[in-house]
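Engineer: Spelled out, the chains give:
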Amino acid sequence: MHARPDEQKIEGIPIWALDISEYGSAYKGMVTIALPEGTAKELKLLKLEEGRASLDEVIQKILVEYKKMKFLEASEKFMKRMEEKGLKLADLTK
Amino acid sequence: MDLIVDTNILFSALYDTNSNAGKLIIQAIEGKFNLFAPEHVKDELERNIMEKLSCTKKEAREVIAALPVKWIEKGVYTTAIGTARRYITHEADLPILACSLATGYNVASGDKHLLSIKPKIAKVWKLGRLIQIS
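Protein chains in written order, with the working numbering: chain A, 1 to 94; chain B, 1001 to 1134.
Hints are not guaranteed to be accurate.
Okay, the calculated beta carbon distance ranges per label pair [said to hold, decoys possible]:
#1 T1079/B to R52/A: 39 to 49 Å
#2 P36/A to E1091/B: 46 to 56 Å
#3 E1073/B to Y66/A: 24 to 34 Å
#4 E37/A to Q1132/B: 44 to 54 Å
#5 L43/A to R1086/B: 46 to 56 Å
#6 G86/A to T1103/B: 33 to 43 Å
#7 D1016/B to Y66/A: 18 to 28 Å
Facing chain B, according to a computed beta carbon distance under 10 Å, are these residues of chain A, among others [claimed, not checked]:
#8 E49
#9 V64
#10 K67
#11 E73
#12 K77
#13 F78
#14 M79
#15 R81
#16 T93
Simulated from the structure, these hints should not be mistaken for laboratory data. Only a predicted model underlies this, so the values are computations on that prediction, with no experimental measurement involved. Ideal Cβ positions, reconstructed from N, Cα and C, are used throughout, including at glycine.
Using the sequences and the hints, build the whole thing.
Structural biologist: Structural data, given as C-alpha cells:
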C-alpha cells in the first residue's frame, strides 16, 4: 500500500516539511508532469537509444525538431501562396 | 548571441529555408541565436501576408508563430527613435536601430542603410558573415 501523500519522505524528511523550491539545486525550478505509462516508456527507450543524459535532454531535442517542422511547414504554406499569386520575394520586401 | 532581425530576413527565411536567412532561423531554433524584432516588424509581416497573399488573420498568425522571434514591445524602443534618427534617414529602418540602441543587441540585416551604421553606434552583421562564423 502506498503512503499517504503527507506521509511520503524524501531522504528521510517528511514531504510536508519540504519547500521544494528551496530544497537543493536538483529540484529548483522543476515541475512534475503526468504522462500515460506507454508514453513515459517510449521516452525512456528513446533516452537509452539516443544515449541522452536525461529525459529533459530527450524532450528538449523533440521540442527543437518540432519547432523546425513547424517552421518548414509554415514556409511551405507561404511558398504555395506565393506561387498561386505569382509573386517573387522582391514583391514582399520592396 | 542576441540579434535583432528585420522584415526582409524573416520573409527571406520563409521564401527559401536553405538561404542564409533560413539557416539563421534554423540555428535560432537550435538555440545558437536569440532572435528579437520590434513589434512593428510583426505588424508588417501580418499585413503583407494578409494583403499580398490573401491569407486570413489566423493563417498569417500561424506563419508568424512558427518563427523563433521574441517581439519587442513599442514602449521599449519608442524613446530611442529620436536618437536613431540621428544616424539613419531611412524611415523604415528606424525601429530596428532604435531597438538595438535600447537593448544593446546586435542587428542582422542585408539592408544597405543599416549596414552603413558605424560599429560604435550599433553592430550590424551581414547575414552571410554571421552564418560563416556560427
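Engineer: Against this structure, judge whether each hint is valid.
Structural biologist: Each hint tested on the structure:
Range check, T1079/B to R52/A: Cβ separation about 45 Å, and the 39 to 49 Å hint holds. The hint said 46 to 56 Å for the Cβ distance between P36/A and E1091/B, and at roughly 55 Å that hint holds. Between E1073/B and Y66/A, the C-beta spacing of about 27 Å keeps the proposed range 24 to 34 Å intact. Separation of E37/A from Q1132/B is about 48 Å and conforms to the stated range, judged on CB atoms against 44 to 54 Å.
As the Cβ distance of L43/A to R1086/B is approximately 54 Å, the hint placing it in 46 to 56 Å holds. The supplied range of 33 to 43 Å is met by G86/A and T1103/B, whose beta-carbon atoms lie about 39 Å from each other. Here the CB-CB span from D1016/B to Y66/A is close to 22 Å, well matched to the stated 18 to 28 Å. Taking 10 Å as the C-beta contact cut-off toward chain B, the hint placing E49/A at the interface is violated, the least distance being around 21 Å.
Because the smallest distance between the Cβ of V64/A and any Cβ of chain B comes to about 6 Å, under 10 Å, the interface hint for this residue holds. A cut of 10 Å between beta carbons decides the hint on K67/A: the least distance to chain B is about 5 Å, and the hint holds. Residue-level restraint check for E73/A holds (minimum Cβ-Cβ distance to chain B is 7 Å; threshold 10 Å). Taking 10 Å as the C-beta cut-off, the interface hint given for K77/A holds, the closest approach to chain B being about 7 Å.
Nearest Cβ of chain B to the Cβ of F78/A: about 4 Å, under the 10 Å cut. The hint holds. About 7 Å separates the beta-carbon of M79/A from the nearest beta-carbon of chain B, less than 10 Å, and the hint is met. Taking 10 Å as the C-beta cut-off, the interface hint given for R81/A holds, the closest approach to chain B being about 4 Å. The restraint placing T93/A at the interface with chain B holds, with a minimum CB-CB distance near 5 Å, inside the 10 Å limit.
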